[in-house]
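J.: Construct all of the structure, not just a fragment, from the sequences and the given hints.
Chains Y and R supply the protein sequences, listed in that same order. Under the working numbering, think of the first position of the first sequence as 1, with each following residue one higher. Under the working numbering, think of the first position of the second sequence as 295, with each following residue one higher.
Treat the hints with caution; some may be incorrect.
Stated by the list, open to error - Residues from chain Y shown here face chain R by an in silico Cβ test under 10 Å; the list is partial: (1) Gly-191; (2) Ser-195; (3) Lys-258.
Quick caveat, the hints were computed from the structure, so don't treat them as lab data. Each residue gets a CB set at the ideal place from its N, CA and C atoms; glycine is no exception.
2 protein chains.
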Amino acid sequence: MAPTPHSPGAGERRAGHLVIIGGNEDRDNDKRVLRRFVELTDRPDPKIVVLCAAAASGGPAWKVYDQAFADLGVQQRMALEMASREDANDPKAADRLLTADGIFIAGDDQKRLLAVIGGTLVHQALHKAFEQLGRCIAGTSAGAAALSQHMMHGGGAGVPAPGTAHSLAAGLGLLQRVVIDQHFSERQRLGRLLSVVAQNPTLIGVGIDEDTALVIERSGGGLEVVGDGAVTLIDGRQMSSNFLPGPEREALELVDVKLHLLPAGARYGSAAKAVPSALQDIVSILTSPGSPLS
Amino acid sequence: MAPTPHSPGAGERRAGHLVIIGGNEDRDNDKRVLRRFVELTDRPDPKIVVLCAAAASGGPAWKVYDQAFADLGVQQRMALEMASREDANDPKAADRLLTADGIFIAGDDQKRLLAVIGGTLVHQALHKAFEQLGRCIAGTSAGAAALSQHMMHGGGAGVPAPGTAHSLAAGLGLLQRVVIDQHFSERQRLGRLLSVVAQNPTLIGVGIDEDTALVIERSGGGLEVVGDGAVTLIDGRQMSSNFLPGPEREALELVDVKLHLLPAGARYGSAAKAVPSALQDIVSILTSPGSPLS
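T.: Dropping the structure here:
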């Protein structure tokens with residue numbers, strides 16, 4: 001069925017661009033990832049708000065990003081620091097978020113980020129800015145992990161011992177049906193991402209290297225990889241696995257997992273390049289807008 | 295076509311057991327990997343020969359394995375140290391190898407191992423012991439990497455920069471159509487194994503964790519994983535990739551790689567467990583005897 005003129009079609013994305021950064025992005029030299037984020041605001045003089053709620057003190061992160069965005073020529077820069085849920089339920093904070101052309105979610109601890117803003121006015125404003133106003137949202141490290149509905153938190157790097165499980169928590173929900181892991185190659189996180197996918201085979205595992213971003217584009221529903229490393233996608237939907245809950249769980253066996261390695265510079269689904277058939281399904285999952293919270 | 299009575303059938307393996315160890319196997323405590331190797335010699339009082347040719351000095355490795363095999367109750371233990379190709383072309387050394395029930399190839403540097411024994415009488419004796427006499431052969435670390443026809447040597451852990459390639463060298467050739475990498479999880483070697491498979495899509499990538507062995511069984515053509523970690527199989531035969539030789543090579547893109555994670559304790563193709571259909575092809579590749587050198 002052809003889309004009606006005013007509703008989004010299958011390949012069309014109403015929400016803004018999403019820039020999912022694997023942490024430790026360059027802030028001093030070429031700043032490729034941050035530069036792309038600023039470009040994607042699509043404004044000549046964009047206003048960037050840096051959301052500092054994942055760290056106990058937002059000051060140090062703000063100082064770094066204030067300087068980096070200034071170096072990139074951004075005139076309008078603002079920190080949104082919040083220490084408590086009261087701060088995150090302040091209508092002024094939510095309004096400030098809605099004035100941003102680009103929202104940058106700094107890292108540290110995704111559990112803290114969600115504990116402070118989950119379900120608050122600021123969380124609702126984030127959804128509105130992204131889904132209704134089409135603003136560009138970036139998250140780095142913990143801020144990247146938190147973007148999806150199901151969020152990794154804690155756990156070692158490897159495949160867990162039998163009888164244990166990596167647990168998932170409720171994330172910000174700007175993306176559905178994926179689970180995001182950051183510092184991916186640098187912290188040897190394939191094992192843990194595989195085990196999360198084994199336990200949650202409805203989710204696509206997205207592993208993002210440091211100084212690398214997966215960009216999910218607003219229009220045309222394309223993907224882009226920016227920066228220095230690669231994005232690893234783990235698709236376990238057709239795998240067979242011995243994972244079953246219960247105390248007598250065995251060591252994890254996975255057969256027939258699909259893995260895709262997308263390097264920086266790769267683009268799919270935009271005008272630049274056709275989507276390989278094996279990736280079409282995943283591109284369609286990633287570019288489906290999240291269900292609005294509010 | 296049905297196999298004739300005296301030729302090996304499709305699922306039957308004439309050669310001995312192969313115990314491919316990812317390095318750093320326990321030698322002090324439970325010694326699960328070494329114990330399984332001793333069991334697989336199928337002798338009540340086995341004679342174990344430790345081939346020390348991958349290190350400039352075989353003494354230290356021999357001391358460790360002499361003690362470990364003694365602890366496991368092995369009475370007949372012998373080192374085969376060799377410092378030069380002259381040593382490896384000594385008919386006495388080759389004869390000594392042929393008297394062993396189990397041959398253990400110690401690690402260090404697979405390039406040195408091949409430089410010393412490649413094409414020599416000792417190399418021929420290794421093939422004869424394995425393929426004609428059905429003796430059990432183990433290799434650890436460099437000794438594991440060297441077992442296959444195509445051998446990894448050197449290179450960093452990650453995906454190489456565009457324009458460079460991980461090179462392969464000629465290994466001992468006891469296994470065909472695979473490339474083996476060791477210390478796999480511990481040294482973050484997925485990236486390099488993926489890039490080797492991208493460049494050599496006819497080879498199945500076999501990544502073996504430390505204190506873990508992939509056992510390729512003599513009879514019945516089964517696989518077994520022993521020890522503490524897991525074996526990761528990378529099958530790129532159906533992938534699409536942008537890898538092409540040439541100076542203008544791009545960063546590596548891989549779409550539709552198959553990954554299998556086999557934990558310690560897993561057995562396939564023996565009486566214990568049926569082979570999952572997605573693994574049948576790989577089990578058949580791994581259990582096909584290598585082509586004899588001599």
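J.: For the hint on Ser-195 (chain Y), does the least C-beta distance to chain R fall short of 10 Å?
T.: OK, holds: Ser-195 (chain Y) within 10 Å of chain R, min 9 Å.
J.: Given Gly-191 (chain Y) as an interface hint, is its Cβ closer than 10 Å to any Cβ of chain R?
T.: This hint holds: Gly-191 (chain Y) lies near chain R, its Cβ roughly 6 Å from the closest one there, short of 10 Å.
J.: Regarding the hint that Lys-258 (chain Y) lies at the interface with chain R, is the smallest CB-CB distance below 10 Å?
T.: holds, 6 Å
Hint compliance for this structure: no hint is broken.
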